[in-house]
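K.L.:
The lines below spell out each chain.
There are 2 protein chains.
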Amino acid sequence: MVKPIATRNLHGQVIHELGRLIVSGEIKPGQSLPREELLAERMSMSRTALREAMKVLSAKGLIESRQKTGTRVRETIHWNQLDADVLAWRCESMPTEDFVEKLVEMREIIEPAAAAAAARRRTAEQLVAVEAAYEAMAAARNLDEWTAADLAFHEAVLHATNNELMISLFSVIETALGTYFALSASTASNFKYSLPHHQKVYEAIRRRQPEMARQAMQKMVADSRSNIRRHRKAKA
Amino acid sequence: MVKPIATRNLHGQVIHELGRLIVSGEIKPGQSLPREELLAERMSMSRTALREAMKVLSAKGLIESRQKTGTRVRETIHWNQLDADVLAWRCESMPTEDFVEKLVEMREIIEPAAAAAAARRRTAEQLVAVEAAYEAMAAARNLDEWTAADLAFHEAVLHATNNELMISLFSVIETALGTYFALSASTASNFKYSLPHHQKVYEAIRRRQPEMARQAMQKMVADSRSNIRRHRKAKA
DNA sequence: TATGAGGTAAAAGTACTACAAATAGACGGT
DNA sequence: ACCGTCTATTTGTAGTACTTTTACCTCATA
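Just so you know, the protein sequences line up as chains S and F, in that order.
Everything in the first sequence is counted per this note's numbering, starting at 1 for the first residue and increasing by one.
Everything in the second sequence is counted per this note's numbering, starting at 1 for the first residue and increasing by one.
Keep in mind that the hints were calculated from the coordinates and are not lab data.
Since the structure is predicted, the reported quantities are computational estimates derived from the model, not experimental observations.
Ideal Cβ placement from N, Cα and C applies to all residues, glycine included.
It is possible that part of the hints are untrue.
Claimed, not checked - 30 Å max Cα-Cα, derived DSSO-like pairs, lysine-lysine: (1) S:Lys102 / F:Lys68; (2) S:Lys219 / S:Lys68; (3) F:Lys219 / S:Lys102; (4) F:Lys200 / S:Lys200; (5) F:Lys192 / S:Lys219; (6) F:Lys192 / S:Lys102; (7) F:Lys219 / F:Lys200; (8) F:Lys219 / S:Lys219; (9) S:Lys102 / S:Lys68; (10) F:Lys233 / F:Lys68.
To be verified - Sample of chain S residues with no beta-carbon within 10 Å of chain F, all distances over it, derived: (11) Thr48; (12) Ser93; (13) Ala129; (14) Ala148; (15) Ser224.
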């Protein structure tokens, strides 16, 4: 689930490093990178490996290379913002407040719709997966177990939509939940408070009640949104 | 807007070629590619260029390379289905009926929500962009002009949400509209029939009426969905 | 027979070099 | 002042050599 990012490869490290620099804004759009030969030398690596890393970044829409001109960082409009790596890099360097808002907004749009679709089309096996995740949440004895089960729950719901485009949005939910747990770590005491919400969603999906599922999920996300707000105020 | 796909680079071509083969299912998940040296020779290119192409595909989650084992196609779950290229490759080899359904479902979820958000948060400039696109649709004198303006309209709405995660979903809308026009080409005569829908959306965004915008957009998408259905039946 | 240590080879990963292709920008001619 | 041409710079491609990882085979041992 959560990838180790061990990335022991050389270009893996470089992808990560450059990606983070760009996404965090330390290298701004329009700005151009040193030419390959020089950059490779500066990072003490071969041009070959560097180029492979750059290809990956360009695949994610972060950079663009042209002969003679060199390589420049593209406008944020062109970034694959939904790419798991891009999202992760964005969160690494302290997610800004408004980014968290945007993540929550996405959840509010995606998840209720997904829950409804799941209630409509889920197979028996997919229901089992949702149930299993719910049970794991109920049984969780610490925050780690809870977060793992929580993620599994939301992923199972997305899978139950039987729409792979939907499933690909899991990267967003994953990131959103990740930052949520990071922000509301204070609630480590009663981390299970949202269990009833999850139960309602699960029940609605089981009973094939799309509208019920939508509303339950909507409440859950709205609740977690207000929770973040509360936490932020408490800290301010 | 629509990228030329000229992709004169060698590895650009290879990315496209391999990507299409994988996404279309001609090379199935789990299956492994010939080893780099051999594949490079078979495609009459250098290993260097081939590897750069493969890095891009692995960045999109399509393949995975490990030493000794070789390179294998990953399960579809891991594909970045929302990536513009992946979507395009998928449509190139005859989009299946259920894929079109999934695209429409995504539109039904995303666009009404986007319209509502745009009505809430659009700036003056963003409104101008939406208006300009609408005017262009009204002024369109042939199908090409219409499709271009239509795309611009939907893109402008997404931009007006001021949420870049939302904006990244434009690739999905673009693909959906593309296949829509491809399918309902028969309506080339009265291609402007959906103009009133667009007007309502535009008006609601102008007047900052989120719920109105949501409903108008919802109707628009629902209408185009039923239009596809009708067309399919007519053909069958 | 099972099991585990160790060796081997095969494939990807990295490095270096050389050259090709494109093109921004300078140069020069009209 | 304009327009073609030339040049230098930077990415793109190729080829080769070597390194690292690791699946799998071998064989000794329990």
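K.L.:
Give a verdict on every hint.
P.N.:
Hints and how they fare:
no.	hint	in the structure
1	S:Lys102 / F:Lys68	42 Å, violated
2	S:Lys219 / S:Lys68	54 Å, violated
3	F:Lys219 / S:Lys102	25 Å, holds
4	F:Lys200 / S:Lys200	36 Å, violated
5	F:Lys192 / S:Lys219	40 Å, violated
6	F:Lys192 / S:Lys102	34 Å, violated
7	F:Lys219 / F:Lys200	10 Å, holds
8	F:Lys219 / S:Lys219	25 Å, holds
9	S:Lys102 / S:Lys68	38 Å, violated
10	F:Lys233 / F:Lys68	51 Å, violated
11	Thr48	7 Å, violated
12	Ser93	16 Å, holds
13	Ala129	13 Å, holds
14	Ala148	18 Å, holds
15	Ser224	17 Å, holds
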